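Novice: For the record, in the sequence shown the residue sitting at position 6 is 6 according to the numbering used here, with numbers rising by one throughout.
Since the hints were derived computationally from the structure, they do not count as laboratory data. Computed from a predicted model, the values in this text were never measured in an experiment. Be careful, since some hints might not be right.
With a straight-line Cα cutoff of 25 Å, these simulated DSS-like cross-link-like pairs (lysine-lysine) come out [said to hold, decoys possible]:
no., residue 1, residue 2
1, 117, 57
2, 91, 57
3, 117, 107
4, 107, 140
5, 57, 107
6, 100, 84
7, 140, 66
8, 117, 81
9, 107, 81
10, 107, 134
11, 100, 134
12, 134, 117
13, 100, 81
14, 107, 84
15, 134, 57
16, 100, 117
17, 66, 91
18, 81, 66
19, 81, 134
20, 91, 81
21, 91, 140
22, 84, 114
23, 57, 84
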Amino acid sequence: MSEPMNNQENVDAMVAVLCDHYVNEVYVANRAAINFVNHFGLNLQTAVLLRRIAANKGITVSQLTKETPFSMSVVSTQIGKLLKDDQVEMKTTADDRRTKLVFLTNKGVRLHHKIEKSIRESVESLGDTISIEKIDDAIKLIEQLGASLPTFE
Numbered sequence: 001m002s003e004p005m006n007n008q009e010n011v012d013a014m015v016a017v018l019c020d021h022y023v024n025e026v027y028v029a030n031r032a033a034i035n036f037v038n039h040f041g042l043n044l045q046t047a048v049l050l051r052r053i054a055a056n057k058g059i060t061v062s063q064l065t066k067e068t069p070f071s072m073s074v075v076s077t078q079i080g081k082l083l084k085d086d087q088v089e090m091k092t093t094a095d096d097r098r099t100k101l102v103f104l105t106n107k108g109v110r111l112h113h114k115i116e117k118s119i120r121e122s123v124e125s126l127g128d129t130i131s132i133e134k135i136d137d138a139i140k141l142i143e144q145l146g147a148s149l150p151t152f153e
């Protein structure tokens, strides 16, 4: 039976694992995500926005900026691309003609369903090795690690 590690040994072991694997695994996961959305003719930003628009059934550009990590400029540019590709449409609200909501078009809905179907098949292929709790734990850990790293801006 191995001896329990003291706190310093535990910290040293975690630092070694993070240095050896964290950045590499985040990079690999990011590349996989980019390749996945590229298959559907999107970049990561447009894929995130497409999902948020589908979830909201009418959302302003300002709301999209608040709900995503993207600036107003990025959101506007990516919405422009989705408009050009006929994936989304803008509609003026009845109560305030200055407010425009973004909706998926039928083409956008079909694309969103294709992406979800592909992700569903991937999740199902994992069987019992994945759960919502494991996904939540992984996301929380990634967020904690990312938040704890120093920023050098």
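Novice: Determine for every hint whether it applies to the structure shown.
Specialist: We went through each hint and held it up to the structure:
Taking the CA atoms of residue 117 and residue 57, the gap is near 19 Å; set against the 25 Å cutoff, the hint holds. With a C-alpha separation of about 11 Å, the suggested pairing of residue 91 with residue 57 holds against the 25 Å cut-off. This hinted pair checks out: residue 117 and residue 107 have alpha carbons roughly 15 Å apart, not beyond 25 Å. Annotation: proposed proximity of residue 107 to residue 140 is violated, straight-line Cα distance about 34 Å (limit 25 Å).
Between residue 57 and residue 107 the alpha-carbon distance is near 14 Å, which keeps this suggested pair within the 25 Å criterion. Among the hinted pairs, residue 100 with residue 84 is consistent with the structure: their alpha-carbon atoms are about 17 Å apart, no more than 25 Å. At most 25 Å may separate the alpha-carbon atoms for a hinted pair to count; residue 140 and residue 66 meet this at roughly 20 Å. In summary, the hint linking residue 117 to residue 81 is supported, as the alpha carbons are separated by about 23 Å, within the 25 Å threshold.
Of the supplied pair hints, the one linking residue 107 and residue 81 holds, its CA atoms being roughly 14 Å apart against a limit of 25 Å. With a C-alpha separation of about 33 Å, the suggested pairing of residue 107 with residue 134 is violated against the 25 Å cut-off. Pair hint residue 100 plus residue 134 does not hold up; C-alpha atoms about 38 Å apart against a cutoff of 25 Å. Distance check on the hinted pair: residue 134 and residue 117 sit about 21 Å apart at the alpha-carbon level, within 25 Å; holds.
Under the criterion of a C-alpha separation no larger than 25 Å, the hint pairing residue 100 with residue 81 is consistent with the structure, at around 17 Å. Proximity of residue 107 to residue 84 is assessed by CA-CA distance (about 12 Å); at most 25 Å being required, the pair is judged to hold. At most 25 Å may separate the alpha-carbon atoms for a hinted pair to count; residue 134 and residue 57 exceed this at roughly 29 Å. In summary, the hint linking residue 100 to residue 117 is not supported, as the alpha carbons are separated by about 30 Å, beyond the 25 Å threshold.
Taking the CA atoms of residue 66 and residue 91, the gap is near 20 Å; set against the 25 Å cutoff, the hint holds. Only pairs whose Cα atoms come within 25 Å are accepted, and residue 81 paired with residue 66 is accepted, the gap being roughly 20 Å. Pair hint residue 81 plus residue 134 does not hold up; C-alpha atoms about 35 Å apart against a cutoff of 25 Å. For the hint pairing residue 91 with residue 81, the CA-to-CA distance comes to about 16 Å; that is within 25 Å, so the pair holds.
With a C-alpha separation of about 36 Å, the suggested pairing of residue 91 with residue 140 is violated against the 25 Å cut-off. The straight-line distance between the Cα atoms of residue 84 and residue 114 is roughly 20 Å, inside the 25 Å bound, and the hint therefore holds. The suggested pairing of residue 57 with residue 84 holds, with an alpha-carbon distance near 19 Å, which does not exceed 25 Å.
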